Amino acid sequence: MRRIIIRRLVQIIPLIFAVIVMNFVLIHLAPGSLFDVMTSEQQITDPKMLDQLRHTYGVDQPVSVQLAKYIWSVMRLDLGYSYRQNAPVFDVIMQQLPATLILMLAAVGIALLVGVTAGVLASIKVNTIWDNLISLGAVFFFAAPSFWLGIMMTVMFAVKLGWFPVGGMRTIGVDESAFGAVLDVMHHLVLPATALGLFYAATFARVMRASMLEVARLDFVRTARAKGLSGGRVVLAHVMRNAMLPIVTLLGLQLGTMLGGSVVIEAVFSWPGIGSLLFDSVMSRNFPMVLGVLVLGSLLVAVCNASVDLLYLRLDPRIKAR
Amino acid sequence: MSGFSRRDFLMTTAGAVLASGLAGSSSAATATPKRGGTLVGTWGGFEPQSLFVPAGGGSSPYFTSTKVFERLIRLTADLKFEPVLALGIEPAEDFRSYTIKLRPNVSWHDGKPLTADDLVFNAIQYWKPISAGVTLDALQTAEAVDPLTVVLKFKVPVPEFFLKSVLAGKAGLVIPKHIYDGSNIITNPINNTPIGTGPFKVKEWVRGSHVEYARNDNYWNSGLPYLDKLVIRWWRDPASRSAAFEAGQLDIGTFNPIPAPDIARLTATKKFVAETKGYSNSAWITSVEFNQRREIFKKREVRQALLHAIDRSFIADTVFFGRARPSLGALHFSNSIFFTKDVQDYPFDVKKAAALLDAAGYPVKSGSRFKMSLVSAGWFEENVKIGQYLKQAFEDVDITVDLAIPDRATSLKRIYTDYDYDVAVSNNSASIEPIPQTTQYYTTDGIVKGAAFRNATGYSNPKMDETVSKMAIETDEKKRVSLVHEFDKLAASDAPVLPMVDLEPVTIARSDVRDHSLTADFMGESWAEVWLDR
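Chain order of the listed sequences is S and U. The numbering used here numbers the first residue of the first sequence as 354 and each following residue consecutively. The numbering used here numbers the first residue of the second sequence as 57 and each following residue consecutively.
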């Protein structure tokens, strides 16, 4: 167990390295630089000032030197300084990353709960109206763009019914107790997490249904029934546990795309997460910030994937840690 | 006004009261302002990179910093200067020096008093080198005569309207010397929590969400601000802003906060008003630029022909849903001081365009006159549509068009650094005073490689340079207006770059938000007078 964790962690290092080099090259291939954007926005035309800023931003050095310097500073756990925000990259990201994490975790929770439940229901009631309705719903939520779903949910539940706030993460300008604050965030979280989670719930439901049907045909299920276990116990303890494996695989793969999908949902619900920061940073070619977000993002995805691997061991004892 | 007949209106005394209310702005004060409440505002763009960007940084930091920092004077909606931090700005007889009297008993948010030393610091170390740049090139010295009086000395005569316009404009914010002295103003981390003299203090900035301002209880204008709290919040999606308005979670949004089709829907409920006042000192245009470094576009007839080929009413009505007007000359129609109709116009006329192109030596050969690269700057959604429309319009006069709509950074680089375009679509916002924001598109010294929103066409005409130089030092207001007309005429007939449409941005506000949009650049005002009628 410990070996697998260590091995996974060691594998993260070349991954991060590749993320840095690839994205550094990509952002330098895109026309325009942070220097261009900043000086044009600030209307700086004085040649002396331009030279001074070139030096401050470090763009007076060759690209290879800039890359080497960046990698060296990341190795010392320093993500650099963002002149656009006038603050260290790490500080700016840490102000916004927790919001994205909360949204992602809530969306994963909703996706798993809704997806797995729907999949199990559909497989038990296979080829009935329930099965068809669930499949129809799954196709709908899979096909509907999440930003459209988000706007429709806002119009319905926030504007017309007034059950939920239209956006943001906290009620602004209200001082609450810690418990009140948690409730407040949860209240704001419902719509964005549902809009983001339903897309993944749709895939989970489809995969879960197929997987359940496949496992239900296996011999050990017949044995479980034959030895007199109740229908519910057979489904929950025998079929479902074994049918979960593909879901866990899928979950590991989709955590990465969920980080990307949250950018759109964050825009619709003005959720103060990493999405808007990443978007603005790409647009302004603010490469220390883009790389900082991507490095932390890939770290996050790598850690999630490692946890998924550990989850395999727990779910299926036949898989051995090697 | 639909509820009143004209007769009722004239006959009743109630009508007279209503008339005074309605004739002013929709938010004109007829009631006594009420104290208190929290106002949630936004604008049609995104979160700023920093709450205050000393050198400008675009509309978003301008919006957030002007609630904290104030200027010496401000320009009202009817284009009169009003005192803010200065009680008076008086020119000497030769207009080479100006005496500024500061308002007494003004203090910074940290309690230190505002003095003449602050002003000297701003003039020499902030305005001239950083925020105003070449605009204040003529400024030589700033000297504190007594603790509340400063004399600014210039190399040449400086027109009064010009100087006041600079001081009331984007570059004229007054920042505290005791905080910035000795530091690099541009990179000082305090710019994320600025300290000014304004009616609001920064309380908390939650990145990605909002900034909360608390009332400055020691504000020099006692009784103001009316609000207890101001929140500026950002949504990335216009449809979400409409939803926030409807759900009662947003009170006011400046600069086209919501999708154009939603404006009629929201105002029809009478719960919201749409206000177009409050933008004249930051008037936006969409312009077309012709690169003079290309042989074809160096010919004036070609530029004029292309202008005739564009249906500007179509752009105004279809692309902007009527929230724009076809331009005339180089100045925005809302510039009531300098605007003139007496300039060459380019009505939509495909036949005339074709004839001009034939005459210029570009007849149709095997289906095409010539090939052009058209770059439409993708920073506004409308520019995407305008780019597509221009491609069609130019193809209608048999020009082969290679259209590119790059993102912000690439557009800036292609148009203003690399000059890599034949025809470009761009935008800018201009103050009432045409120098330098408007003139720098036409003058030779406006050509600065890598500096955006100025002469990128390479146009250079000694007569133009001479007219603008005269404008810069003409101290007689009337003569100056006629010089601006002369400039505008030349700009319109030479047409190296011309506005296609003058935009009419709209502010959406709940109808119980009062006394907004009363100044010439409302988004950049302190909002001390805004109050809630609840």
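Errors might be hidden in some of the hints.
Restraint ranges, calculated between C-beta atoms of paired labels, are given here [what the hints assert, rightly or not]:
| no. | chain 1 | residue 1 | chain 2 | residue 2 | range |
| --- | --- | --- | --- | --- | --- |
| 1 | S | Val378 | U | Val537 | 31 to 39 angstroms |
| 2 | U | Asp463 | S | Ala531 | 37 to 45 angstroms |
| 3 | U | Asp134 | S | Gly462 | 52 to 60 angstroms |
| 4 | S | Ile424 | U | Val212 | 32 to 40 angstroms |
| 5 | U | Phe377 | S | Phe495 | 47 to 55 angstroms |
| 6 | S | Val535 | U | Thr249 | 24 to 32 angstroms |
| 7 | S | Gln405 | U | Asp237 | 15 to 23 angstroms |
| 8 | U | Asp463 | S | Leu598 | 36 to 44 angstroms |
| 9 | U | Thr374 | S | Gly515 | 30 to 38 angstroms |
Taking lysine-lysine and the DSBU-like style, the derived pairs with C-alpha atoms no more than 30 angstroms apart in a straight line are [as the list claims (entries may be wrong)]:
| no. | chain 1 | residue 1 | chain 2 | residue 2 |
| --- | --- | --- | --- | --- |
| 10 | U | Lys184 | U | Lys157 |
| 11 | U | Lys209 | U | Lys184 |
| 12 | U | Lys407 | U | Lys447 |
| 13 | U | Lys534 | U | Lys519 |
| 14 | U | Lys136 | U | Lys535 |
| 15 | U | Lys355 | U | Lys526 |
| 16 | U | Lys355 | U | Lys427 |
| 17 | U | Lys397 | U | Lys333 |
| 18 | U | Lys285 | U | Lys354 |
| 19 | S | Lys401 | U | Lys526 |
| 20 | S | Lys513 | U | Lys526 |
| 21 | U | Lys211 | U | Lys333 |
| 22 | U | Lys526 | U | Lys211 |
| 23 | S | Lys401 | U | Lys407 |
| 24 | U | Lys441 | U | Lys355 |
| 25 | S | Lys401 | U | Lys209 |
| 26 | U | Lys427 | U | Lys441 |
| 27 | S | Lys401 | U | Lys211 |
| 28 | U | Lys441 | U | Lys407 |
| 29 | U | Lys355 | U | Lys285 |
| 30 | S | Lys401 | U | Lys534 |
| 31 | U | Lys526 | U | Lys354 |
| 32 | U | Lys233 | S | Lys401 |
| 33 | U | Lys354 | U | Lys505 |
| 34 | S | Lys513 | U | Lys285 |
| 35 | S | Lys513 | U | Lys327 |
Residues on chain S that point at chain U, a partial pick, calculated with CB under 7 angstroms [claimed, not checked]:
| no. | residue |
| --- | --- |
| 36 | His381 |
| 37 | Pro384 |
| 38 | Asp431 |
| 39 | Asn439 |
| 40 | Ile504 |
Don't read these hints as lab results, they were simulated from the structure. These figures come from a predicted structure and were not determined experimentally. All residues carry an ideal CB built from backbone N, CA and C; glycine is no exception.
Hint by hint, here is what the structure shows:
Distance hint check: the CB atoms of S:Val378 and U:Val537 are about 55 angstroms apart, inconsistent with the given range 31 to 39 angstroms. Under the hint 37 to 45 angstroms, the C-beta atoms of U:Asp463 and S:Ala531, about 42 angstroms apart, fit the expected range. Take U:Asp134 and S:Gly462: their Cβ atoms lie about 58 angstroms apart, and the range 52 to 60 angstroms holds. The hint said 32 to 40 angstroms for the Cβ distance between S:Ile424 and U:Val212, and at roughly 53 angstroms that hint is violated.
Under the hint 47 to 55 angstroms, the C-beta atoms of U:Phe377 and S:Phe495, about 34 angstroms apart, miss the expected range. At roughly 27 angstroms, the beta carbons of S:Val535 and U:Thr249 sit within the given window of 24 to 32 angstroms. Separation of S:Gln405 from U:Asp237 is about 18 angstroms and conforms to the stated range, judged on CB atoms against 15 to 23 angstroms. The hint said 36 to 44 angstroms for the Cβ distance between U:Asp463 and S:Leu598, and at roughly 43 angstroms that hint holds.
Distance hint check: the CB atoms of U:Thr374 and S:Gly515 are about 36 angstroms apart, consistent with the given range 30 to 38 angstroms. For the hint linking U:Lys184 to U:Lys157, the alpha-carbon distance of about 20 angstroms falls within 30 angstroms, and the restraint holds. Of the supplied pair hints, the one linking U:Lys209 and U:Lys184 holds, its CA atoms being roughly 13 angstroms apart against a limit of 30 angstroms. Among the hinted pairs, U:Lys407 with U:Lys447 is consistent with the structure: their alpha-carbon atoms are about 17 angstroms apart, no more than 30 angstroms.
The straight-line distance between the Cα atoms of U:Lys534 and U:Lys519 is roughly 21 angstroms, inside the 30 angstroms bound, and the hint therefore holds. As the CA atoms of U:Lys136 and U:Lys535 are separated by approximately 19 angstroms, the hinted pair is consistent with the 30 angstroms bound. This hinted pair checks out: U:Lys355 and U:Lys526 have alpha carbons roughly 27 angstroms apart, not beyond 30 angstroms. With a CA separation close to 15 angstroms, the supplied pair U:Lys355 and U:Lys427 stays within the 30 angstroms bound.
Between the alpha carbons of U:Lys397 and U:Lys333 the distance comes to roughly 21 angstroms, so the proposed pair stays at or under 30 angstroms and holds. Of the pairs offered as hints, the one joining U:Lys285 and U:Lys354 is violated, with about 55 angstroms between alpha carbons and a cut-off of 30 angstroms exceeded. Straight-line distance between C-alpha atoms of S:Lys401 and U:Lys526 comes to about 28 angstroms, which keeps the hinted pair within the 30 angstroms bound. Only pairs whose Cα atoms come within 30 angstroms are accepted, and S:Lys513 paired with U:Lys526 is rejected, the gap being roughly 60 angstroms.
Restraint check for U:Lys211 and U:Lys333: not satisfied, since their Cα atoms lie roughly 37 angstroms apart, outside the 30 angstroms limit. A C-alpha spacing of about 15 angstroms is found between U:Lys526 and U:Lys211, which places the hinted pair at or below 30 angstroms, so the restraint holds. This hinted pair does not check out: S:Lys401 and U:Lys407 have alpha carbons roughly 50 angstroms apart, beyond 30 angstroms. With a C-alpha separation of about 27 angstroms, the suggested pair U:Lys441 and U:Lys355 falls inside the 30 angstroms cut-off, and the hint holds.
Proximity of S:Lys401 to U:Lys209 is assessed by CA-CA distance (about 24 angstroms); at most 30 angstroms being required, the pair is judged to hold. Distance check on the hinted pair: U:Lys427 and U:Lys441 sit about 20 angstroms apart at the alpha-carbon level, within 30 angstroms; holds. At most 30 angstroms may separate the alpha-carbon atoms for a hinted pair to count; S:Lys401 and U:Lys211 meet this at roughly 22 angstroms. Taking the CA atoms of U:Lys441 and U:Lys407, the gap is near 24 angstroms; set against the 30 angstroms cutoff, the hint holds.
Distance check on the hinted pair: U:Lys355 and U:Lys285 sit about 57 angstroms apart at the alpha-carbon level, beyond 30 angstroms; violated. Distance check on the hinted pair: S:Lys401 and U:Lys534 sit about 38 angstroms apart at the alpha-carbon level, beyond 30 angstroms; violated. Taking the CA atoms of U:Lys526 and U:Lys354, the gap is about 26 angstroms. The hint holds against a cut of 30 angstroms. Simply put, U:Lys233 and S:Lys401 have alpha-carbon atoms about 23 angstroms apart, close enough for the 30 angstroms limit, and the pair holds.
Taking the CA atoms of U:Lys354 and U:Lys505, the gap is about 19 angstroms. The hint holds against a cut of 30 angstroms. Only pairs whose Cα atoms come within 30 angstroms are accepted, and S:Lys513 paired with U:Lys285 is accepted, the gap being roughly 27 angstroms. With a CA separation close to 15 angstroms, the supplied pair S:Lys513 and U:Lys327 stays within the 30 angstroms bound. At its closest, the beta carbon of S:His381 sits 12 angstroms from a beta carbon of chain U; the interface hint therefore is violated under the 7 angstroms criterion.
This hint holds: S:Pro384 has a C-beta 4 angstroms from the nearest C-beta of chain U, less than the 7 angstroms allowed. At a threshold of 7 angstroms, the smallest CB-CB gap from S:Asp431 to chain U is about 17 angstroms, leaving the interface hint violated. Given the 7 angstroms rule on beta carbons, the hint for S:Asn439 holds: about 5 angstroms separates it from the nearest Cβ of chain U. Hint status for S:Ile504 relative to chain U: holds, with the closest Cβ pair at about 5 angstroms, below 7 angstroms.
Violated hints, in rising order: 1, 4, 5, 18, 20, 21, 23, 29, 30, 36, 38; the structure is consistent with all others.
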